[in-house]
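Asker: Here the protein sequences line up with chains X and U, keeping their order. According to numbering that gives the first Met the number 0, the residues represented by the first sequence are 0 to 343, in order. According to numbering that gives the first Met the number 0, the residues represented by the second sequence are 0 to 344, in order.
Hints were generated in silico from the structure; no laboratory data involved. If you're wondering where the values come from, they're calculated on a predicted model, not measured in any experiment. Some hints here could point you the wrong way.
What the hints assert, rightly or not - Quick partial rundown of chain U residues pointing at chain X, CB under 10 Å, derived from the structure: (1) GLY9; (2) THR103; (3) GLN164; (4) THR191; (5) ARG222.
Heads up, the beta-carbon is just placed ideally off N, CA and C, and yes, glycines get one too.
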Amino acid sequence: MLRTDPTASTAPATPRRPALRQPLLLAAGLGALVLCAALSLALGSRAIPLSTMADALTGTAHGGDADVVTGLRVPRTLIGLAVGAALGAAGAVAQGVTRNPLASPVTLGINAGASLAVVAAIYALDLTRPAQYVWFAFAGAALAAVAAYAMSRRGGDLDPVRLALGGTVLTVVLTSWTSALMLASHRTLDEARFWLAGSIAGRQLDTLTPVLPFLVVGLLGAFAISPALNALALGDEAAQSLGVPVARIRVAGGLAVVLLAGGAVAVAGPVAFIGLAAPHLVRPLLGNDHRWLLPGCLIAGPLLLLAADVLGRLVVRPSEIEVGIVTAFLGAPLLAVLARKVAR
Amino acid sequence: MTAIAAAPTGALTRRRVRTAAWSVLAAALLVLLTGIALGTGQVSISAWDALRALVGQGSPGDVLVVQEFRAPRVVSALIAGAGLAMAGSMLQRLFRNPLASPDTIGVTGGASFGAVLMLATGASQQLIPLAALGGGLLAALLLGGLAWRSKLAVTRLVLVGLAVQQGLAAAVNLMIVRFPAELASSAMQWTTGSLYGRTWTEVSIGGTAIGLAAAAVVLCQRRVAVLDLGDDSAGGLGLDPGRDRMWLLLLTITLASLAAALTGPVAFVALAVPHLVRLLAGPPTLGTLGLTALTGAVLLLGADLLVLHVIPVHGLPVGAVTATLGAPWLLVLMIRQGRLPQRSS
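Given the sequences, and given the hints that come with them, work out the whole structure.
Answerer: Set out below in structure tokens:
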């Protein structure tokens, strides 16, 4: 299904491609990301001039605008960077491990699993702050990923269409349980529906700090297995004969996806499509080599997330649309285009 | 298919007998559950008296309670259950995919979108079913428009359906987040699928429309059976598979949208019932289509009885129950099928 270029994974066979292209593209992406972060600091219901912003960041300015920057927008932007990077990397690993261009945290049911766990926790334990949701989101994400994986196996191999559909069925199940819980209690509904939209607004850095170690571990794991993912792209048997422990790589990859995507959901709520879109955006630019794809997704993920967040702040000024809803709107057409491609 | 043709006629007869037996059993269960549903409530009536009151016999008090208060709800459960199950069975055949259902191809999202949009404008309650129907047809339009590329390929339809579903669900989600708490609650109630507050007007209009659509589906069965042979064979037999599939799909989506307009998009009836019928009576034929409709009606009515009289949560939508009961069974079914060697499909 995934049209991979086998020559890209056997490194000695590709001296044709100039070695400078990928670092240059990464640097350009990094530049775009810095620009986007600056926009995220400057734009919002109150536009703040760049000079004031710079003063606030260096600590020389105080008062209204400066407090908005340091107190609200800096944490928001940092969280956006971390969540976007985690989702982008999770998408790249998920697509590599399952050899399926439609795999993503959403299609694997991870978001729905985390949502159900969080809503159940709010219902049963009277939680009120996103910082308290973290562990429940993690647990839900992990359970859902295991279930989706179990369903998509067919005669020992993973069936891509089955994985996408199985994940959707799982999502339907978990979503109706979530709705039932929310309908059973008005307090839960009111508490949870904003979290369920997926947003990086109004969170302080203390939401991010407990999750950060998991994101780092997940990221290290992703980098560690990225050469093996290149071999896996050739097919299970070919990878096996190259000496890659396929089963162990699958487990490690799944674990990395759960850590990264689970952590992202725990901080921001279910944000769709970043994990799906980032690898597809990067692949035409940097090629199929996971050693370049992964850093590319680390830049493309936050770039997409922050751009969507800024867009959500601008369209209905002075109010704003949650970033999860913006990405879902933009992502649905993308999924349709991908579907046309995959199915030829 | 070749297996059926090669099988001795005895096997075919046995399957027909089994289908007929299960159909009789389902019909009996249907009558029994209808009697119980009509008789149970604040005023208790025996099942037999309740059925008699339905046709206007017995004490005037019973007739009033049964005909005015309980019957609309029961009848709408029966009609919508049958319609959803038939639509699900047709979708699974047309998509050649055991997981195709209104929930996965966008009809649920479309119907929810239409209804919630109507709730947002604050229009009267009577317009909501109409809006849901419109939303379902919008989903069909999106599906056809996005998946069309000289002809409708099945895999592309399935995946584009997922995209349509997710996009429309995002729109619904946006409105639920923006609504005040009270409106958000009723929007969620509606999008989960519930049977509260049905009137005879809604039931009679919806029932007529669903009946017509179901009759059309039955008339098309021969064509569907030919399509089941595969596009090449169907083409060889003089059908235009792409065009026929499109019209059949439109008809099926209309049926599913009508059912969703009556009760909201009740999850899993359309997905699970065809699997159950396949386990009981074998591969789909015209005979099993009737059994499918009966089973869908029985299941939805049974789930509604659970909601009303067994589960002690007030105002729980019936969709939550069908999902809770149907989902684990379906998951187990999928996992078990995963162990089997790959079938050619």
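Asker: Under 10 Å is the threshold here; is the Cβ of THR103 (chain U) close enough to any Cβ of chain X for the hint to stand?
Answerer: At about 5 Å, which falls below the 10 Å cut-off, the nearest Cβ of chain X leaves the hint on THR103 (chain U) intact, so it holds.
Asker: A closest beta-carbon separation below 10 Å is what the hint needs, so does GLY9 (chain U) meet it against chain X?
Answerer: Violated. Min distance 32 Å.
Asker: Using Cβ atoms only, decide whether THR191 (chain U) comes closer than 10 Å to chain X, and label the hint accordingly.
Answerer: holds (5 Å)
Asker: Hey, does the GLN164 (chain U) contact hint survive, CB to chain X under 10 Å?
Answerer: holds (7 Å)
Asker: Does the closest beta carbon of chain X sit nearer than 10 Å to the beta carbon of ARG222 (chain U)?
Answerer: violated (24 Å)
Of the numbered hints given earlier, the model fails hints 1, 5; all others are met.
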